[in-house]
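*Asks:* Use the sequences and the hints to build the structure in full.
Heads up, the sequence shown is in this note's numbering, so the first residue is 46 and it goes up one at a time.
It should be emphasised that the hints constitute simulated quantities derived from the structure, not laboratory data.
Ideal placement from N, C-alpha and C gives every residue a C-beta, glycine not left out.
Treat each hint with caution, since some may be false.
Straight-line alpha carbon distances no greater than 30 Å define the calculated DSSO-like cross-link-like pairs of lysine-lysine that follow [to be verified]:
#1 K267 with K325
#2 K325 with K275
#3 K210 with K245
#4 K245 with K232
#5 K343 with K232
#6 K320 with K275
#7 K232 with K243
#8 K319 with K343
#9 K243 with K275
#10 K346 with K245
#11 K346 with K267
#12 K267 with K116
#13 K343 with K229
#14 K210 with K232
#15 K232 with K116
#16 K319 with K76
#17 K76 with K102
#18 K229 with K243
#19 K346 with K229
#20 K346 with K319
#21 K76 with K275
#22 K346 with K232
#23 K229 with K267
#24 K346 with K210
#25 K267 with K319
#26 K343 with K320
#27 K346 with K76
#28 K210 with K229
#29 K343 with K243
#30 K325 with K343
Pairwise CB distance ranges (calculated) [to be verified]:
#31 K346 with S118: 29 to 37 Å
#32 E278 with S241: 45 to 53 Å
#33 E377 with V80: 46 to 54 Å
#34 D329 with G127: 25 to 33 Å
#35 Q378 with K346: 13 to 21 Å
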Amino acid sequence: MNNYLIVNKMDRNSKENLITSAIAMLPTHIKANVVMDSIHKSGPFCDAEIELTSGRKNVHFYVEAKRIHRKESLKPLFEHAGPNTLLICNGLSEFLLEQCQRHNLNVIDTFGNISIQADNLMIWVQRTKVIESAPQPTDINRNSLMSEGVSKLLFILAAEPNSIKSTYRELAEMANISLGMVSKALKLLQEERVVSIKPKRVLDEERLIQLWLDSYRVALRKSLGGIRVKYPESWSEISLEQDDKWGGEVAAEQLTAYLYAHDWQLFTHLPLQKKLAQLKCRPDAEGNLWLVPAFWGKSLKWSDRTQALLAIAELEASLDSRNHETARMLHEQYLSTKETN
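*Replies:* Here you go:
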């Protein structure tokens with residue numbers, strides 16, 4: 046394993062959250078006991094150790110926790126894959142899942158997909174689906190603008206168009222992205238004539254908002270991770286930290302008093318395990334509460350408009366017609382561009 050060249054840039058909390066999110070999606074008959082590696086190692090499959098139990102079968106795995114977005118991210122792992130190694134990652138496309146199976150790379154992802162062929166344990170679960178009825182994004186270069194980093198900056202600019210006048214460092218802190226990504230994203234948006242860099246201003250606020258909604262659905266949502274939890278009380282009984290923010294249906298109910306929230310989405314800057322301990326709940330793949338790591342930086346100033354943007358994005362990503370109706374109401378009430386141009 047001395048030829049291992051993968052640079053896994055995720056910090057320990059991000060790896061823990063990714064592992065916890067994937068484990069929460071396991072079928073109920075499969076139990077998992079995870080131990081994070083307390084010593085940083087540069088080799089492959091050294092992030093954690095996990096024991097999976099199915100019936101009377103117990104299998105020990107060495108874990109690589111990593112975000113995978115293309116085949117090239119998988120290739121360095123193929124040569125190190127073995128019966129007792131396991132990749133835990135974000136939700137994979139059907140193509141990437143097939144690549145893992147073809148190269149005998151055991152994998153569990155946050156969509157609930159599982160492909161494991163160990164010495165005495167074989168599990169195959171495929172939940173990756175293409176939702177054909179979902180709205181299609183605007184006619185743009187999806188390989189460039191429809192990315193996680195650009196989506197995060199779009200959220201900041203859509204929430205406060207005047208924030209484009211901030212320094213690149215301030216934008217990076219608000220969006221929780223690198224300085225390089227700020228520069229790249231602004232150049233892409235300038236090419237699309239959505240913003241101007243010199244002078245700094247938003248040129249097309251309506252398209253900026255639509256790009257945020259498209260990019261959330263196409264790129265950002267699938268990388269959020271998080272944990273599903275079954276919370277027995279009302280969402281209003283949940284004690285929030287200062288930086289905890291509701292998204293989706295709960296945010297819509299708060300802003301409109303129209304929609305009764307059935308599916309709850311709560312963003313938090315706390316480590317998910319700490320939030321779980323506060324709630325005194327356990328992960329449940331069928332739970333009504335989706336705990337999600339907040340994707341923005343703490344320096345972002347919150348407003349009803351920001352809340353509406355977060356709510357509308359999740360509502361439009363669903364297949365519920367009432368959610369779509371509520372999203373239109375929120376758009377009319379909070380995202381009018383007449384006074385901000």
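*Asks:* Hint by hint, say whether it matches the structure.
*Replies:* Tested hints:
1. A hinted pair counts as satisfied when its Cα atoms are at most 30 Å apart, and K267 with K325 qualifies at roughly 26 Å.
2. For the hint pairing K325 with K275, the CA-to-CA distance comes to about 10 Å; that is within 30 Å, so the pair holds.
3. With a CA separation close to 6 Å, the supplied pair K210 and K245 stays within the 30 Å bound.
4. For the given pair, K245 sits about 12 Å from K232 by alpha-carbon distance, which is consistent with the 30 Å threshold.
5. The straight-line distance between the Cα atoms of K343 and K232 is roughly 25 Å, inside the 30 Å bound, and the hint therefore holds.
6. Between K320 and K275 the alpha-carbon distance is near 13 Å, which keeps this suggested pair within the 30 Å criterion.
7. A distance of roughly 11 Å separates the Cα atoms of K232 and K243; the hinted pair therefore holds under the 30 Å criterion.
8. Between K319 and K343, the direct Cα distance comes to roughly 18 Å. Compliance with the 30 Å bound is thereby established for this hinted pair.
9. Taken as a hint, the K243 and K275 pair is broken in the structure, with Cα atoms around 49 Å apart against an allowance of 30 Å.
10. Using a Cα cut-off of 30 Å, the hinted pair K346 and K245 holds, with the two alpha carbons roughly 20 Å apart.
11. Taking the CA atoms of K346 and K267, the gap is near 25 Å; set against the 30 Å cutoff, the hint holds.
12. With a CA separation close to 17 Å, the supplied pair K267 and K116 stays within the 30 Å bound.
13. The suggested pairing of K343 with K229 holds, with an alpha-carbon distance near 22 Å, which does not exceed 30 Å.
14. With a C-alpha separation of about 15 Å, the suggested pairing of K210 with K232 holds against the 30 Å cut-off.
15. This hinted pair checks out: K232 and K116 have alpha carbons roughly 27 Å apart, not beyond 30 Å.
16. With a CA separation close to 21 Å, the supplied pair K319 and K76 stays within the 30 Å bound.
17. For the proposed pair K76 and K102, the alpha carbon gap of about 10 Å is at most 30 Å, so the pair holds.
18. Proposed proximity of K229 and K243 is supported: the alpha carbons are some 15 Å apart, at most 30 Å.
19. Annotation: proposed proximity of K346 to K229 holds, straight-line Cα distance about 23 Å (limit 30 Å).
20. Straight-line distance between C-alpha atoms of K346 and K319 comes to about 24 Å, which keeps the hinted pair within the 30 Å bound.
21. A threshold of 30 Å between alpha carbons decides the hint, and for K76 with K275 the separation of about 17 Å falls inside it, so the pair holds.
22. Taken as a hint, the K346 and K232 pair is honoured in the structure, with Cα atoms around 24 Å apart against an allowance of 30 Å.
23. Simply put, K229 and K267 have alpha-carbon atoms about 22 Å apart, close enough for the 30 Å limit, and the pair holds.
24. Distance restraint check for K346 and K210: the Cα-Cα separation of roughly 15 Å lies within the 30 Å cut-off, and the hinted pair is therefore satisfied.
25. The suggested pairing of K267 with K319 holds, with an alpha-carbon distance near 23 Å, which does not exceed 30 Å.
26. With a CA separation close to 17 Å, the supplied pair K343 and K320 stays within the 30 Å bound.
27. Restraint check for K346 and K76: the C-alpha separation of about 41 Å exceeds 30 Å, so the hint is violated.
28. Between the alpha carbons of K210 and K229 the distance comes to roughly 16 Å, so the proposed pair stays at or under 30 Å and holds.
29. Our distance criterion of 30 Å between C-alpha atoms is met by K343 and K243, whose separation comes to about 27 Å.
30. For the suggested pair K325 and K343, the alpha carbons sit about 25 Å apart, so the restraint of at most 30 Å is met.
31. In this structure the supplied range 29 to 37 Å holds for K346 paired with S118, their Cβ-Cβ distance being about 35 Å.
32. Under the hint 45 to 53 Å, the C-beta atoms of E278 and S241, about 49 Å apart, fit the expected range.
33. As the Cβ distance of E377 to V80 is approximately 51 Å, the hint placing it in 46 to 54 Å holds.
34. Separated by about 31 Å at the C-beta atoms, D329 and G127 satisfy the suggested range of 25 to 33 Å.
35. For Q378 and K346, the Cβ-Cβ distance of about 20 Å falls inside the hinted range of 13 to 21 Å, so the restraint holds.
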